[in-house]
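Undergrad: Could you build the full structure based on these sequences and the hints that come with them?
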Amino acid sequence: MIEIIETGPFNTVQDLGRPGYRDIGVSSSGAMDPLAVRIGNSLVGNDEGLAVLEIQTFPIRLRFDQRTVFAVSGTDGSPLLDGVELLSWCAYSAEAGQVLELRQPRKLARAYVCVAGGLDVPSVMGSRSTSLRGGFGGHAGRPLEKGDRIAIGEGADMLSVPASGLAAVEPTAALADFVPQSDDGALLIRALPAGEHGLFAEDGMAFWGQTWRISSRSDRTGYRLSGDPIMPMESVEMRSHGVVPGVIQVPPGGEPIVQMSDANTAGGYPKIAGVIECDLWRLGQARIGSRIRFVRSTHAEARAVEQAVAQYVEDVRATSQMVKRALKAMA
Amino acid sequence: MTATPNKHNLPYEIIPAGTSRARISSIGARSFLLEAPGDFDLAAQRRIWALTQTLKGWADLAEIIPGMTNLLAIFKEMPEDPDEVVGRLLSAWDSSQSIDLVGKTIEIPVHYGGEFATDLAALCDLSGLAGREVVRIHHQATYRVFALGSAPGFGYLHGLDPRLYMPRKTVPSLKMAKGCVTIGGMQTGVAMLTGPNGWNSIGFAELQMFDPLSPTPAMMAPGDSVRFVPERIEL
Chain P
1 MIEIIETGPF NTVQDLGRPG YRDIGVSSSG AMDPLAVRIG NSLVGNDEGL AVLEIQTFPI
61 RLRFDQRTVF AVSGTDGSPL LDGVELLSWC AYSAEAGQVL ELRQPRKLAR AYVCVAGGLD
121 VPSVMGSRST SLRGGFGGHA GRPLEKGDRI AIGEGADMLS VPASGLAAVE PTAALADFVP
181 QSDDGALLIR ALPAGEHGLF AEDGMAFWGQ TWRISSRSDR TGYRLSGDPI MPMESVEMRS
241 HGVVPGVIQV PPGGEPIVQM SDANTAGGYP KIAGVIECDL WRLGQARIGS RIRFVRSTHA
301 EARAVEQAVA QYVEDVRATS QMVKRALKAM A
Chain A
1001 MTATPNKHNL PYEIIPAGTS RARISSIGAR SFLLEAPGDF DLAAQRRIWA LTQTLKGWAD
1061 LAEIIPGMTN LLAIFKEMPE DPDEVVGRLL SAWDSSQSID LVGKTIEIPV HYGGEFATDL
1121 AALCDLSGLA GREVVRIHHQ ATYRVFALGS APGFGYLHGL DPRLYMPRKT VPSLKMAKGC
1181 VTIGGMQTGV AMLTGPNGWN SIGFAELQMF DPLSPTPAMM APGDSVRFVP ERIEL
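Line by line, the protein sequences are chains P and A.
All residue numbers for the first sequence refer to the numbering used here, where the first residue is 1 and numbers rise by one.
All residue numbers for the second sequence refer to the numbering used here, where the first residue is 1001 and numbers rise by one.
There could be a bad hint or two in this list.
Facing chain A, a subset of chain P residues (Cβ under 10 angstroms, in silico) [said to hold, decoys possible]:
1. P19
2. I24
3. A140
4. P143
5. G195
6. E196
7. H197
8. R239
9. G246
10. G268
11. K271
12. C278
These are computed hints drawn from the structure, not numbers from a lab.
We put the CB at the ideal spot given by N, CA and C, even for glycine.
TA: Here it is in structure tokens:
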């Protein structure tokens, strides 16, 4: 069991989401930084899609009431175990009764607490993710509260991790060659033009050319961007159609909305672009108030980035298994 | 949307050769949206239903999401050649014959008027109809579920009498109750979640229409017929 001693609002149980039910109006949900979930799970010896805690309001403190192998991923901050600083992106073993505390990350938005065996909440429609809008899935269909107790899955690979921990190279470093960097600190997010791109003047120059700020009215459902409004050259009558996370819609006010993990399943605003899936985890780590620019990408580039991410995930998984096998042999 | 010929180089954009060409665009690198040309009507939706059936046989698709005279196809993997995908979707559309889904008939008991009918008075003003007339026109029609989306189990219903068309609000109601019977433009439906809602409420239905723990979570399915049965009228 994990017991929540202290938590901010909006921290939830998530996994890689609940795809496959958009045709009945059910959002996929799932972690805002799915790459952190995959890596964190690999580090603790899980299949990559087991359920974890997604922390987006800090601090949070939780107590393990059994010996637990865990890793904190996603964040650039240092977790504390009984007050001792640990590394993120690193698997450790906690003893029964030890308290894990996560403080506000330095720059990033979200941290994930991954435990060997995964979080054992009921699977609803094929996923353990919390659907905040639908009020189901995750832990009782709602954000975590003080006093909540969450079971840990059976069959956890309780192989020991090295006393000093078992770390992975974090994705921003491992994928540095595949991540665009700006000179001014703005986050560069790659996107492909979408259906109504052509309705915006000069090939959407005002959209691609300006630096947007992630407004305070942003959450897991979507990021509302602040900046100079962009208007289509003609208004169009849209019929409701399916959408996916990453779609960038332009509502009548002209300030774009990027749909995120809890994206509505249908939409009717003009779509100027769609974020490539392999950049969604980076956007998922962008904080309210931070600045972003969109970079026009290509299908070929999206494929190359996806392959690089897949290779990185596989490397971490294989290495983590190798180390654990070696430890077992030595034991 | 209307089949607007685009002057700009949209990705994978097909310039309509005639009015019968569908339009295909992409969202990201593995989701493709096909929009039927022509009117928003049952004929177009029947072809979307047919296309949905055809696409269910494609092994490389992860999800098929029929919308209102359109369809979003999400592939399992990013396709190597998006143009090939566009070509395949277009030919599937071109060979799709209209089908009529044989659905069930769902009767939804409605309490028209009363505290949840926050926009009934405004609809009377807009339409020039008395409340009683609005209720009669609304409940006498038979509606078809065109597609589900937006909220878990929410069905987009076609068949609203044009006299009851009412634009969506520019400023949504912040906390409309789950169960409100609503009108949004030329569509009607029942709110599935309590929350912000831009549609106009004229009544309330208690019927449970979504259960995440059921093997068939949504009560409605595309092709179903829906009738609203006045259980109580409070004007």
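Undergrad: For which of the previously enumerated hints does the structure constitute a violation, in increasing order of number?
TA: 3, 4
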